[in-house]
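Undergrad: If you read the protein sequences in the order shown, they are chains A and B. First residue of the first sequence? That's 1 in full-length UniProt numbering, and the numbers climb one at a time after it. First residue of the second sequence? That's 1 in full-length UniProt numbering, and the numbers climb one at a time after it.
One should not assume that every hint holds.
As the list makes no split between identical chains, a pair holds if one copy fits it or if it spans any two.
[Unchecked claim] List of simulated lysine-lysine pairs, BS3-like, C-alpha gap at most 27 Å: (1) K241 <-> K204; (2) K168 <-> K235; (3) K178 <-> K163; (4) K9 <-> K58; (5) K204 <-> K163; (6) K204 <-> K194; (7) K178 <-> K235.
Source of the hints: derived by calculation from the structure; they are not laboratory data.
2 protein chains.
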Amino acid sequence: MTFKALLEKRSIEAWEIYLPHLSIDCVVFGFHEGALKVLLLKMKESDSWGLPGGYILKDENLKIAANRILEARTGATNIYLQQFRVFGETHRSEAAFDYLPDDSFFKQRFISIGFYALVDFTEVEPVVDELSTDCGWRDINRLPELMMDHQFIFDKALETLRKQLIHKPIGYNLLPEKFTMPELQRLYEIILDKKLNRGNFYRKILRYDILIKLDETRKGGAHKAPDLYSFDQEKYKAALKNGLNEIW
Amino acid sequence: MTFKALLEKRSIEAWEIYLPHLSIDCVVFGFHEGALKVLLLKMKESDSWGLPGGYILKDENLKIAANRILEARTGATNIYLQQFRVFGETHRSEAAFDYLPDDSFFKQRFISIGFYALVDFTEVEPVVDELSTDCGWRDINRLPELMMDHQFIFDKALETLRKQLIHKPIGYNLLPEKFTMPELQRLYEIILDKKLNRGNFYRKILRYDILIKLDETRKGGAHKAPDLYSFDQEKYKAALKNGLNEIW
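Work out the full structure: start from the sequences and follow the hints.
TA: This is the structure we're talking about:
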């Protein structure tokens, strides 16, 4: 079956089961070997990459839809997922499907709800489905050309993540269970795209009182073995909910 | 014409011109006489109040739709308007229209995009349209019972406003052009729902460097005439864009 024939077949089913005109796009962040990465996929018969996405079943809660879409794409459950913005410009997606008939589900106008996800890199098995030829991680500093307005959606997700560092903790879901202080600092530096002073970083992050210093060190390096930390899950959750920095 | 007959007539038109299943709900904040207020309306043949809202034309940008809806309801142009969350639970709105036929536009499932607006109280003329019997301001601390999930939508808007105080300035659009420091402090206190220390507030707000101290005082009170301030629009806009409190 050609890709076009496949889409026409899927269109009939889509009209039956999904809400029309509404899509979900997911910006999935993972952290690996000191780099922040994003999950991208390549559609069949297209030269450019895109964010994983999907549609909302007619009788499905929005958040459950986003979870379902991501689980199918990553194999990971228990993903930290947050809606961050709606993309509602006219003509943002139709052109990508201009070879389809006008009544195709996919060629309609779509208003897309953006979710960002923070996942444990090691738990994700990117899935190539019947509509894509590739699915994998890309360093956020070396993104390929993205389809439609997906670069804009990605930029807004990263901007949201940056702003949230002011009043929410980050790291759980992105770092392994045990990590060193330099690894946590590196994560902040990469999201903020700037170097941080080591002493200031330590002082601020310890003041947040969300870390547990473990009775272990990271062995094997050339230098003095660095201390290992993990997040205090109760305090971390409370800080996510109530905010870290009540400056007023 | 009965209300039901009116809605059935409007339904036919709505299917033609609007995107189905998608609505906009607006939480419009105004500040007046030391109180934060929200604009509510009362639907015909309903005992409860609701947020002003509407639908998106098939070929209309999302933000333009929100502006159009608010302009029709308030008469105000140049409103500060911001999307803040999508409300996508199933069965959140259908029951309010259970007396309509199943094919009514209004009785479908709606995913609603929440916008909050900050408006100059004195510039708004609440409009009672053909579907409502009342439209006016209510003190946020004395809200009537709200329809559907509108209390939840309101709560989320207020929560967003509170969080944004950490990294965005507020006051422009809500205060008159010239205001006193106690008036600005009162606005912060009402949004945060707590008393602030006067000295701390002055020091923090002045450090933001967004105010211009005018060469005038507020005359007429019993006490020493307080100094008047206005916002430095350039600096205020820059702070809105870049954030106030880059703690990292």
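Undergrad: Next, verify each hint and record whether it holds.
TA: Verification of the supplied hints:
In this assembly of identical chains, K241 and K204 lie within 27 Å of each other by CA distance both inside one copy and across copies; the values are 19 Å within and 25 Å between. Both within a single protomer and between protomers do K168 and K235 lie at most 27 Å apart by alpha-carbon distance, with minima of 12 Å and 26 Å respectively. When the C-alpha separation of K178 and K163 is checked against a cutoff of 27 Å, the pair qualifies only within one copy, where the shortest distance is 25 Å, while the shortest distance between copies is 30 Å. For the homomeric pair K9 and K58, the shortest alpha-carbon distances inside one copy (19 Å) and between copies (25 Å) are both at most 27 Å.
Taking identical chains as interchangeable, the C-alpha atoms of K204 and K163 lie at most 27 Å apart whether they share a chain (16 Å) or sit on different chains (20 Å). In this homomeric assembly, K204 and K194 come within 27 Å of each other (Cα to Cα) both inside a single copy, at 16 Å, and across copies, at 25 Å. For a Cα distance limit of 27 Å, the shortest separation of K178 from K235 inside one copy, 16 Å, qualifies, whereas the shortest one across copies, 43 Å, does not.
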